[in-house]
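Engineer: These are the residues of each chain, in order.
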Amino acid sequence: MLMQENDASQRAVGFDTTVTPNMAVAFHVQEHTRGSNFTMLGPQLNFLVRRWNMPDGQGNIFAMTGAGTTIDRGDMRPAVWTGLLADYETRRIFFSYEARLMYAKDVEKSAWQRARVGVAPYLGRYEDINTWLMVQVDRYDEKHLSTHHISTLPATDVTPLVRLMYKTFMLEGGVSLRGKVMFNWIQQF
Amino acid sequence: MRSILIAVFSLIAVSASTAARAETIVANVNGMVCAMCVTGIEKSFRKVQAVDAVKVDLETKKVTVRTKDGQSLDDATVTKTIINAGYAVTGISRSR
Chain A
26 MLMQENDASQ
36 RAVGFDTTVT
46 PNMAVAFHVQ
56 EHTRGSNFTM
66 LGPQLNFLVR
76 RWNMPDGQGN
86 IFAMTGAGTT
96 IDRGDMRPAV
106 WTGLLADYET
116 RRIFFSYEAR
126 LMYAKDVEKS
136 AWQRARVGVA
146 PYLGRYEDIN
156 TWLMVQVDRY
166 DEKHLSTHHI
176 STLPATDVTP
186 LVRLMYKTFM
196 LEGGVSLRGK
206 VMFNWIQQF
Chain B
406 MRSILIAVFS
416 LIAVSASTAA
426 RAETIVANVN
436 GMVCAMCVTG
446 IEKSFRKVQA
456 VDAVKVDLET
466 KKVTVRTKDG
476 QSLDDATVTK
486 TIINAGYAVT
496 GISRSR
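These protein sequence lines are chains A and B, in that order.
210 is the number that the working numbering gives to position 185 of the first sequence; each next residue is one higher, with no gaps.
495 is the number that the working numbering gives to position 90 of the second sequence; each next residue is one higher, with no gaps.
Worth flagging that the hints you see were computed from the coordinates, not collected in a lab.
Treat the hints with caution; some may be incorrect.
Covered, in the sense of this in silico footprint (three residues per stretch, anywhere, with C-beta under 8 angstroms from a C-beta of chain B), are these stretches of chain A [unchecked claim]:
1. 80-91
2. 111-117
3. 149-161
4. 187-199
Bear in mind the structure is a predicted one, so any value in this text is a computation, not a measurement.
In this text, a Cβ means the ideal position worked out from N, Cα and C, and glycines have one as well.
All chains should be built: construct the whole structure from the sequences, respecting the hints.
Structural biologist: Right, dumping it as C-alpha cells:
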C-alpha cells in the first residue's frame, strides 16, 4: 500500500506491506509544517490488536510504533513515535479515532488526536465509485524543544471532507473551517 | 459378459468425468464493507493453486470460488484463506 497525506500540519508519504495477517511493516517520511519545519523518517510496525467481523460491519483496533530520525536544518536527531487507531465501519457509516505520541530529541514532543465520522450517501457496488462524506476533528498538543520552532497553527481544527474510493484507490480532499486544505490518497497493491 | 463390460466402462467414464469437473464453493463472510475488502479476498484466493476464479459480492456477503478442473479445495483452506485476509466465515456450501 502506497499513501500520501497533505494537510496544514504535514506532508507525508508512506509505504506499508503486510507481513502476517496481524502485522505490517511501513516506512514513512513526514515533513512537519506546523510552524516548525522538520522532516521525520523511519520504519514503523503496525499491529492489528483486535478485529470484530460482524454481518454488516467491521471494527478494528490497531497499534503502531516506529523509530527513526528527524532532520532539522541539517541536524539529525533520534525520534520515536507510537499510536493507536480504532475504527468501526459499515457500508453506510464510519467512525474512527486515532491518537499518536511523538518525541524528537531537541526538536519537539507532541500528541495528536484525530476523530472522524462519515456517511455514505449511497451504497456503491465494487465496480462503482464509492463516496463518503466525512467530518474530521484534529487536536494537537505540542511542546517545542528548540527555541526557533514556533507553532503558528491552531490546536484544534475541523475539516469536512469527501472520500472517493474506486476498487484499490482512495482519494480524500477537504478544506478545514480555518481554510486549510487537506488532500490524501492511498493505492492498495 | 459384454453388457457387464459396457456397464463397468460406463461407470469408470462417469467417475472420471465427475472427478475432472471443477467445483464451485460459496462462503458466507462477515466483515466485508468496502471495495478494498473485495480486492484483499480476491488477492488471497489467487495465491491458492487450486483456484481458477473468485468472485466477491458485497451485497450478498458471499465469496464464490471455482476450482480448476480436477482440483479440490477443502473447507479448512477456504476458511483459513478468508480469515488470513481479515474476515470471518459463517458458512460454506458446494456444488459441481
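Engineer: All hints are to be evaluated individually against the structure, with a verdict given for each.
Structural biologist: Here is what the structure says about each hint:
1. Counting residues of the stretch 80-91 of chain A whose C-beta sits closer than 8 angstroms to any C-beta of chain B gives 4, which meets the bar of three, so the coverage hint holds.
2. Counting residues of the stretch 111-117 of chain A whose beta-carbon sits less than 8 angstroms from any beta-carbon of chain B gives 3, enough to reach three: the coverage restraint holds.
3. Beta-carbon proximity to chain B at under 8 angstroms applies to 4 residues in the stretch 149-161 of chain A; the threshold of 3 is reached and the given coverage holds.
4. For the stretch 187-199 of chain A, the stated coverage by chain B is satisfied: 5 residues place a CB nearer than 8 angstroms to a CB of that chain, which reaches the threshold of 3.
Comparing the model with each numbered hint stated earlier shows that all of them hold.
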